[in-house]
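Q: Spelled out from the first residue to the last, the chains are:
Protein chains: 2
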Amino acid sequence: MRVVIEGEVRDLRTIWREGQLVKLIDQRKLPHRLEIAVMRDHRETAQAIKDMVLRGAGAIGVAAAYGMAQAALEARHLPLKDFMAYMEEAAQRIRATRPTAVNLFHAVERCLRAAGEGGVEERVRRIVEEADRIAEEDLRASKLIGEYGAQLIPDGARILTHCNAGALAFIDYGTALSPIRYAHRMGKRIFVYVDETRPRCQGARLTAWELEMEGIPYAVIADNAAGYYMRRGEIDLVIVGADRIAANGDVANKIGTYERAVVAKENGIPFYVAAPKMTFDLKCPSGDEIEIEERSPEEVITAWGVDEEGNPTRVYIAKRGTPAKNPAFDVTPAKYITAFITERGILRPPYEESIRRAFG
Amino acid sequence: MRVVIEGEVRDLRTIWREGQLVKLIDQRKLPHRLEIAVMRDHRETAQAIKDMVLRGAGAIGVAAAYGMAQAALEARHLPLKDFMAYMEEAAQRIRATRPTAVNLFHAVERCLRAAGEGGVEERVRRIVEEADRIAEEDLRASKLIGEYGAQLIPDGARILTHCNAGALAFIDYGTALSPIRYAHRMGKRIFVYVDETRPRCQGARLTAWELEMEGIPYAVIADNAAGYYMRRGEIDLVIVGADRIAANGDVANKIGTYERAVVAKENGIPFYVAAPKMTFDLKCPSGDEIEIEERSPEEVITAWGVDEEGNPTRVYIAKRGTPAKNPAFDVTPAKYITAFITERGILRPPYEESIRRAFG
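Chains A and B are the protein sequences, given in the same order.
Using the working numbering, the first residue of the first sequence is number 40, and each one after it goes up by one.
Using the working numbering, the first residue of the second sequence is number 40, and each one after it goes up by one.
Possibly wrong hints are sitting among the right ones.
When chains are identical, the list treats them as one kind, so a pair holds in a single copy or across two.
As the list claims (entries may be wrong) - Listed next, the in silico EDC-like pairs over lysine to aspartate or glutamate satisfying Cα-Cα at most 20 Å (straight line): (1) 374 with 305; (2) 364 with 275; (3) 364 with 273; (4) 62 with 338; (5) 322 with 90; (6) 316 with 392.
If you are wondering where the hints come from, they were derived from the structure by calculation, not from laboratory data.
For reference, chain A alone in the conformation it holds in the complex:
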């Protein structure tokens, strides 16, 4: 992604590997400060996943893969048996960081399986290659989503997005933000309405920062204001990401997605969901089977940010101890979704068929 550091334009990934080092953008500091965190071994990488130094399905998967590569490199001088024990222990450590992140488990399994037979040196090489392959696949999917999705964005389009399905949630480009980046780089004049996305404000914090860095015109709005702009005809299309997509096209995504989809349909506005293969869960028949995580009520009655002096600060917007409920995701039924933007192209209804044809 394009970032500007002290006036100098650079092209950064969310996470990358330099030999035995893993480097990543510390997302807890964004948008107030851009800091690169350096993880010297797989333990530090695991800790970074746990501490949410990075978040987002794709980024977490790549971090797990790189952690496995680090572990392999750390253990490369051990005898085979000890090497394999070391790898198992590392896998266990990484799996324990975010027990609900499907991508993380996939990445760890792929690296373990890739080790294959033969001597330690050979196995190390194959694990590291597999980790790099996982990263490249993530990047390639995001790019293809951008290319396909940009075709759906007309010149002059005013686009609404929710949460952060951006470069920061993957290793680069993102899903919802990838078509927006491509359209902008093709010279289309676009404007992005960014839902702040309470309670964690990933829109106001992360999406706004990515668009600012990319030089794409945008404005943050209260989640409450999205419908207002839709009804006034000031939003031409909606693009969001997804956390999990069922075989019938029902979508679990950040809380608030469902409301936006209903109001978009009511106003005849196309509603697109951008997501790579890994997000489609063909074993899940419909959204009814998706369990919704309930997060801490503290998130709802507080807001995080920096104070006037730039110090990280949390404020209670309600009285301390106020009862609150905090579902992290909601399910948007397939009937509200105009199309899926994937690395295999644009999927249209009926989704049972188009999803199975693309990923079955």
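Position chain B against the provided structure of chain A, taking the given hints into account.
A: Quick look at chain B alone, frame taken from chain A:
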């Protein structure tokens, strides 16, 4: 309204008059502290309106009326000509505090008109009586709205509300919260979902506090989560207030109301708007004619509250200077509204007719 101060239950109004003193709940301190502010003359009352020590159409109207009563009492020893000049000056001062608050203008005009003919003493008496009458009318309308509205709330109902159309926005009871209070006091078991109502969080701050004081079970939710609970069948009805209602039943209310109304309709959930006569603007033919105030973008990129030590603090949730848009209200077309709850009873569609019959 019922408030609990150090374990002791009291019955307070938002604002009241004690001779020449006007006392009111300082809403800027809520919900963290309950403080009664004392306004010794009409200048202080005008300043309180300007500084938003209180807000809400009804409360502002009553404050303006009481300010006029204070001015009359202050000037009661002046010769007639000087008395009238003093009253005109006071009226001007009060009008200038919130130039868009229709209620404030009405209250000032009514008090000036009430002065009538005759000597100063007589005029003072009539102005003070008119101010008290304005307050009593506000109270009576809120109570009737509560009585009528409570009939629409079944035992066991789970209710969604947005913003604060509570006692604090009027002199007591409120509009949206009045039927909820009545239903609760009648012994109905109810539960209230409170939209936090970004960007100014009147739901999380004020509505939550009123419900807490009243002992009504509730939970604050992110505005984004309202649709989630509606789709799951966990909300049985929605009640909101209104800032302005057109002759055809279109409603201008706090930003986010429109989205809730669309999603309620989509899920077959009744959507009620509670409002007194003064909110119906029969000269305004439809919502298209209502101009929407655009407030400071700072409100969207910041959040107000108290820090861990209880000190009032503002945090930037987005990077300072992030572009934002901040429409304060939206318009909900009449077709999404199941009924209006007014002091003249429940108004059903077609609204052109039922509104004219009630208030024309």
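Q: Any hints this thing doesn't respect? Which numbers, in order?
A: 4, 5
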